[in-house]
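Here the structure of chain H is known, so what remains is to put chain Z in place on it, guided by the hints.
Here is how the chains run, residue by residue.
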Amino acid sequence: MKLGKMSLYLGVDVGSVSTNLVVINGESEVVDKLYLRTSGQPINALRTGMKMLSSKFGQNTVIRGVGTTGSGRQLASVIIGADIVKNEITTHAVAAQMLVPDVKTILEIGGQDSKIIILKNGVVYDFAMNTVCAAGTGSFLDRQAARLEIAIEDFGAYALKSNSPVRIAGRCAVFAESDMIHKQQTGHSTEDIINGLCEALVRNYINNLAKGKDLEDTIVFQGGVAANVGIVAAFERALGKKIIIPKYYDVMGAYGAALIAKEKIEKSSQGSNFYGFGAAENEYKARSIECNDCSNLCEVIEITSNNEVLARWGDRCGKWSSVVKKDKEIVG
Amino acid sequence: MKITFPHMGNTFISAKALLDDIGVECIIPPYNNKKTLEIGTKHAPEMVCLPLKINLGNYIQAHELGADTILITGGRGPCRFGYYCEMSKEILADASYNMEVITLDGPNGNMKEFLERIKKLAGGFNVYKILKVIKNTTIVSKRVDEIEKLTYKIRPRELIKGSTDKVYKTMLNKVRKVNGSREILQLLSETKKQLMEIEIDKELIPLKVGIVGEIYTTIDPFANFHIDFILGNMGVEVDRAVTVSGWIIEHMLKNILPTKKDLRYRQAAEPYLGRMIGGHAQETLGNTVLYAKNGFDGVVQIYPLTCMPEIVAQSILPSIERDYDISILTLIIDEMTGEAGYMTRIEAFVDLLNKRRERFEVGKNVALFRS
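Quick mapping for you: the protein sequence lines, in order, are chains H and Z. Residues 1 to 332 in the working numbering are what the first sequence spells out, letter by letter. Residues 1 to 371 in the working numbering are what the second sequence spells out, letter by letter.
Under the rule of at most 30 Å between Cα atoms (straight-line distance), these lysine-lysine pairs were calculated in the DSS-like manner:
#1 H:K264 to Z:K161
#2 Z:K192 to Z:K153
#3 Z:K254 to Z:K129
#4 H:K104 to Z:K355
#5 Z:K355 to H:K120
#6 Z:K174 to H:K319
#7 Z:K355 to H:K247
#8 Z:K293 to Z:K254
#9 Z:K177 to Z:K119
#10 Z:K254 to Z:K132
#11 H:K319 to Z:K202
#12 H:K319 to Z:K166
#13 H:K241 to Z:K355
#14 Z:K355 to H:K267
#15 H:K264 to Z:K202
#16 H:K242 to H:K33
#17 H:K161 to H:K247
#18 Z:K2 to Z:K129
#19 H:K33 to H:K264
#20 H:K211 to Z:K355
#21 H:K33 to Z:K355
#22 H:K264 to Z:K355
#23 Z:K260 to Z:K149
#24 Z:K355 to H:K242
#25 Z:K174 to Z:K153
#26 H:K319 to Z:K34
#27 Z:K293 to Z:K202
#28 H:K120 to Z:K293
#29 Z:K293 to H:K213
#30 Z:K161 to H:K319
#31 Z:K254 to Z:K135
#32 Z:K193 to H:K319
#33 Z:K89 to Z:K35
#34 H:K104 to Z:K293
#35 Z:K129 to Z:K192
#36 Z:K149 to H:K319
#37 Z:K153 to H:K264
#38 Z:K35 to H:K285
Simulated from the structure, these hints should not be mistaken for laboratory data.
One chain only, chain H, in its complex shape (with noise of 0.2 Å):
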């Protein structure tokens, strides 16, 4: 790889389990790829992401423009500066539709989350998240896998190997589990018994987020779970269709956050709002409030740097959010 006076993207996704980085080239490629674990400490992912970029970029490349995505998009804007923070449901569009043109639907399963979206003639359509349950996500397999002292990279193997498939009860997180030991306890092999599993998450997903839906080719599925191949499998048997695993598949968000702060900057004039990549080695801190002027009773979010106020959300009537103006797009 080669690194010249460059100009670049930054797309960022700050998601529950993961935090991801992506840089992209002004041809829409990826020059970089960071997948770090959020560990419950957003602030501190991303310092540690940016530091990563800092210290391979460093002063030879110029960012060009920063997109933020994922459930702590809006954070995440305010520490290095976004120029446009999106939600994850467009952004996993936008890059799916980047690296397989003619894609019709995406499959997606994160950590905390997920979700299925129906593309029509190159724009989305419909799409569902998960409602109520984790069961059918990353953190679940995650979880199992720790359970059985099973490496989560090695997992979807086990289930490869199985011969006779074992009926695990998929609808809820916890009675997934007891019947996992259930069945672990009448002599079941582990092979059968997460090949069970996997069966069984692909299952909820479809009867869950992809009813009434028509599942037609193109399929893409990204997100974490992608890795694992015994997922993959069962969704093209249940499916009974070719499933594509994109190259970029764990950084979806990322990138596509990326693309589309690429897509801003081209379109507009205006230069990037992006701090530099020493803005997340500042001290962060983070509090909440609970205003009691209305009976709303907002919990309202402070970001604070240095004893100065950066940003404020969460209130309902803008008397926190006002006093820190930022002339950028918060919301959409």
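Only chain Z this time, still in chain H's reference frame:
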């Protein structure tokens, strides 16, 4: 007798007008908030739908302010709302809150019982007075809904963001302090004037989204996380077919009066659901069809977790989505609903609608001609 009633969006304005005019003291519970829900959740059965939990919170918070009697409306048909009255009575008694519950239900043939209840409430029986009160309450509820509808139109078009919310919230704060339908109507007409004075972008053709679903969660801003504010401030014009005044007129008055009901929604729902299955399932389906026919860009369905009629409607909605090529988003709400995930869905939905409209316009489709 100090009367209170449960909150449902702006229903409290009509209820206040009614009770003020009758001349009984009323205690408006604090606006729905997290504490209300917390109290309600503590006392209600876990799997009951969200509105009952919020209602119970309202009663107990009003009790703390001195209320001793609860006025609620009843319902029939296969929806749990019909049991709210009895459930509330039992739960409050179990929790040792000594409160009386008066249900203003449609007479359903039993006119004597209905009149008894009105008598209890009005403390006498002056037919002329009662009719006048009912008339004024109905007018108040219609005016309140008109104001709401007006904000739906102005909010996405306002030039200075937040000006609509400011006028509207001032009205909500003032209305608690005025007395009787006359003063309320005066305040409402002032508010209307102020709303009309807000500068708007007349050229803008905003996205249009219809809100359908279970009545409580679509109307109450606390229950639906202020969806009309959120969409409006994102530049989307919203519409909600099911309103408080509509409910009073269609479900209460027209059950007694020999007038024809407005059944357009029922005709529109006919090909998908031919009969009333309780709750607002038929309205949800019918209004979705009507929105699609009237050129709306999308429809949002909202309902509380475990609401049977809306679950049925939700499973039929994909057919309407396909037949009319309209986007539908379903949001299910209970006390566990996380605001972040909720907002993400709404944001993504608006993105989707924007993109679809772009496509229509580029493709020189019919969409160019819609107003």
